[in-house]
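One letter stands for each residue in the lines below.
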Amino acid sequence: MADPFSFQLRHVSKRFVKGKETITIFDGLDLDIPAGDFVAIMGPSGSGKTTLLNLLGGIDHVTSGEILFDGRRVDTLSENQLSAWRAANVGFIFQFYNLMPVLTAAQNVELPLLLTKLGRKERRTNVATALELVGLSDRASHYPREMSGGQQQRVAIARAIVSDPQVLLCDEPTGDLDRTTADEVLGILQLLNREHGKTIVVVTHDPEVARYTKRTLHLNKGVFVERTALA
Amino acid sequence: MNQALLVAKNLSRRKLRTLLMLVAIFIAFFLYGALECFDHAFHASETAAAADRLVTVNRINFTMPLPINYADRVRQVAGVKDVTYQSWFGGYYQDPKVPLFMFAVEPASYLAVYPAIQMAPEQRKAWLSNHTALAVGKKTAAQYNWKVGDRIPIKSNIYSRKDGAAAWEFDIAAIFSDPDETARENLVLMRFDNFNEAVTFGRDQVNMLVFSTSSNKLNDSVAKAVDALFANSEAETTTDTAAAFNRAFAAQLGNIALIVTLVVATAFAAILMIVGNTLVMSVRERTREIGVLKTLGFRGSTILSQILAESLLLAILGALLGLLVAAGAVAVVGRNIAGFGDTMRMTSGIFVGGLGWAVLLGLVTGAIPAWSAMRLQIAVALGRK
Chain A
1 MADPFSFQLR HVSKRFVKGK ETITIFDGLD LDIPAGDFVA IMGPSGSGKT
51 TLLNLLGGID HVTSGEILFD GRRVDTLSEN QLSAWRAANV GFIFQFYNLM
101 PVLTAAQNVE LPLLLTKLGR KERRTNVATA LELVGLSDRA SHYPREMSGG
151 QQQRVAIARA IVSDPQVLLC DEPTGDLDRT TADEVLGILQ LLNREHGKTI
201 VVVTHDPEVA RYTKRTLHLN KGVFVERTAL A
Chain B
232 MNQALLVAKN LSRRKLRTLL MLVAIFIAFF LYGALECFDH AFHASETAAA
282 ADRLVTVNRI NFTMPLPINY ADRVRQVAGV KDVTYQSWFG GYYQDPKVPL
332 FMFAVEPASY LAVYPAIQMA PEQRKAWLSN HTALAVGKKT AAQYNWKVGD
382 RIPIKSNIYS RKDGAAAWEF DIAAIFSDPD ETARENLVLM RFDNFNEAVT
432 FGRDQVNMLV FSTSSNKLND SVAKAVDALF ANSEAETTTD TAAAFNRAFA
482 AQLGNIALIV TLVVATAFAA ILMIVGNTLV MSVRERTREI GVLKTLGFRG
532 STILSQILAE SLLLAILGAL LGLLVAAGAV AVVGRNIAGF GDTMRMTSGI
582 FVGGLGWAVL LGLVTGAIPA WSAMRLQIAV ALGRK
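Chain order of the listed sequences is A and B.
The first sequence begins at 1 in the numbering used here and counts up one residue at a time.
The second sequence begins at 232 in the numbering used here and counts up one residue at a time.
The shape of chain B in the complex, shown without the other chains (with noise of 0.2 Å):
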């Protein structure tokens, strides 16, 4: 036998209050780890964004549409290097519930903005060549089992074709990685002349201008200028970097990093009254087994320590279930959220903060009941005086 057994015999001598003691950890952390990796994703593709990367979208809102000359006018402002532009086409493959990150984008334009996109130079050539052309990521082509060559079917649920057909007929040229911005990888990407000939609204409009610059130092005065361009005109844009933009983008949904600090703070608090409580309660009825060990000669700093290692054990087991179980459960979730299946994970950041935050929890909840157990005197504790 050993001090550390004596830790865990403490820990199992009532089993059921130790379990939903964990249990109650275990929730916290998978709340907390669950929704660290929320926001992580949403954030991930914020932070691989280039810095010299700007984006122009209606002021009014980045679902409303931006004439396509504005890519032309743009292309004059000075610091501005190249310009692309690309519409939401709100495909699906075979399932209407499981969208595609599918944009209409100009290729050449396109790939002189994101110069990191790899792709075989045949590949290439054809995406640029081919009308039906269609460059996918090779996430998505790996969750679709596609390959080049491939002829598939795809529906807009916004978009319908002059021709009345219910589906766009594409030819898979190319398939494509982007290693600076892997989120990336998980696009599909159809020829702009295609979408444009055949929608039966919509024409010769785009959803949003991406352009680089020549210095991520002219971003302020390029974006102003650009904004200033379009002033009291039909459709008045904003400009930002692509960065800002994400974050925006990811805020309409909810300032997830709000929902976390909310959500964990409150079941941390919660938790924090209710392990501290029991554990106040657990040690003060081993009150005479304190005095007794006492007696026998263990000093008060090691009953100190047993007790804060009884709460930092049960604290440190219960995050790392639920570390581990949020680590699954988002892993799976990202698998079936098209974009999300590489960003949504546990990183080891949120996994050591989450045991940091548990290592914190267990001192606290154990701090009171540790305290006073060092300091009673062995009389009382004996019931002797």
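Just chain A, with the same shape it has in the complex (with noise of 0.2 Å):
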């Protein structure tokens, strides 16, 4: 039986060293993301989200304390086995989308499979039914350059999809977007939330994006100040 939490983070502290000065960003924090959950994490700026979502994704390392993945612990895992972990279960999406600007947009959304074993056909197939999902499926010999802002945003999240992780992690995905954009964009990860099950955490400054989350937490200064239940 799968885990019900996605994410459980057990007394996490996180201090960086700048020159003579420490830096605590977190001390000691708790955080359990069930599977399935939709959240978003809000909170003035400096106040630990990006550093919360790198921890979540294995991109940066807790000083101390545990974090579990589908109940394993993730914080020791190596770099290999970070990035390994990261291609089957974790798909990122950015504020600036960054789509390598030489590919076209199936090509970018057929990078995370690349480390898989599948064959080319049915990497074909995955990456047109990911662009489909996101209402591309035009834009596939497209480049970076040939699209709008929004529509690239939607080939980011066809690559994070592409290879069905368990969990999306979100960094500001409509900071760069105008509202209409910034809510097409929102609807399709309520879709994939709600109708494909997937884990979707999302760091925005953005107070609309409450509307579509299951709930919303409000970080500052690395620690949660209020926990609003929405669904």
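Derived PhoX-like pairs (lysine-lysine); straight-line CA-CA distance at most 25 Å:
1. B/Lys312 / B/Lys356
2. A/Lys117 / B/Lys240
3. A/Lys221 / A/Lys18
4. B/Lys312 / B/Lys455
5. B/Lys328 / B/Lys386
6. B/Lys240 / A/Lys121
Bear in mind the hints are in silico, worked out from the structure with no lab data behind them.
This structure is a prediction, so every number in the text was calculated from the model and none was measured.
Make the complex out of the two chains shown on their own, each in a separate frame, by following the hints.
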């Protein structure tokens, strides 16, 4: 039976050393993110939102404490083990899309599949499915420079979901988009959560995101100051 | 799509920059290929020369003459087998700018010292008996489309005839080959008696004596004995193996090997810095993309191999183009320089050696950016730390 929690953070501390100064971001943070959750993490700049997302995605390391994914510790994995874990379980969506400018939309979406054992035909099928899900089947051969910001972000979403990860980690996914396009993108994320059961964590400044998520957590100086269950 | 396409796509992201790097590498390997071919051509006769053959020249310089009677005296030295002599004729056919590799030789002794020379028996007989006979190496014969029986005028830019005639008329009596020393097939050999009777100066004088020994183990002692024979004479001699003589002859044109080394090393050092620096810049521009790839699950070692593949592909492509163009260029140049037609060419050794240097260049130039990219932290690459 699948663990009811995607992520569990236990007494997580994170400190940075900057010159002679030690900056504490988290000091004993606890957090549970159940499987199938759609949670927005909001807070002022410097509150630790991005650091939290980095820790969840295994692209930064805790100073102390534990991070469990599906009941297993991931904070103790090596870099190579983390790479494999991310490839299998986590999809990332960034504020500025971060698509490869030299690759077409389809090739960008296919990138994570190069790390799998899938054959070319299967990869193409998966890419087509992912692009269809975000409504960009007709843009498969277009390069990022030939697409609008909203379309690029939808390609980034397709790239994040093409290998069917359990979790999507989104860093300000609507931060560079107008309201209408942002709503479209959030609608796709909501669909992925509701219809496909993806666990989604969104770090955002956008209060409108709360309309789509199941709950919102407010982070201030490394501490959750308020937890609102919306679902 | 696959990883190879990803490498190719990355190389094509700034086409002008990639093209300029390719041109830089192309130039380096063109120079390498061309100069190595020249070096090979200069050393070809040296390596082909028979081990038991010695050459005696005037101690002052090989252009200074020796009395012809030295040949008889050398024949008396213990260990000497066959002796011949020859003089550079300075001949040309029609175009003074295209010299022939032409010597005046004594046919019978010449054939004894160079037993590998092959010519039809009746042609051999004609060359040995006909005063104006000419033996032509098959490559030169093919170059000028000369055939046995042709009568051709050849002029010398050194010697004039006593009878005042501008040209020397020769009958092509033999066309020969030499499977042991194919460079010899570029030679044109006139009879020394014809030369000696007609010249206005330099009678009974030769440029060099060439002789074989009964064993190459005797080379040193025979060479010393020959030079001792003419010590304190009007024309002192220096005797060495044919291979050493050829090497010394080539050295007069400059130390080709040193030139090759210096030019190639300088070009490589410059290109190492240019390509290395450009690759570092190119990878630095992609810092965020490298971070994204790592976020997607690409391992550091995969990123390292991709960047090394880029630098290797660039180096090998540039080197291939440079070596191929050099091969074509030296083939054309070789055809237009008498005596180098067959030796001035891109050998497989030079080609493979060039590709070896290309691999090294690719690895060295790609090493720093690839290593940096491999160690790059994702959070730093994405500007999140």
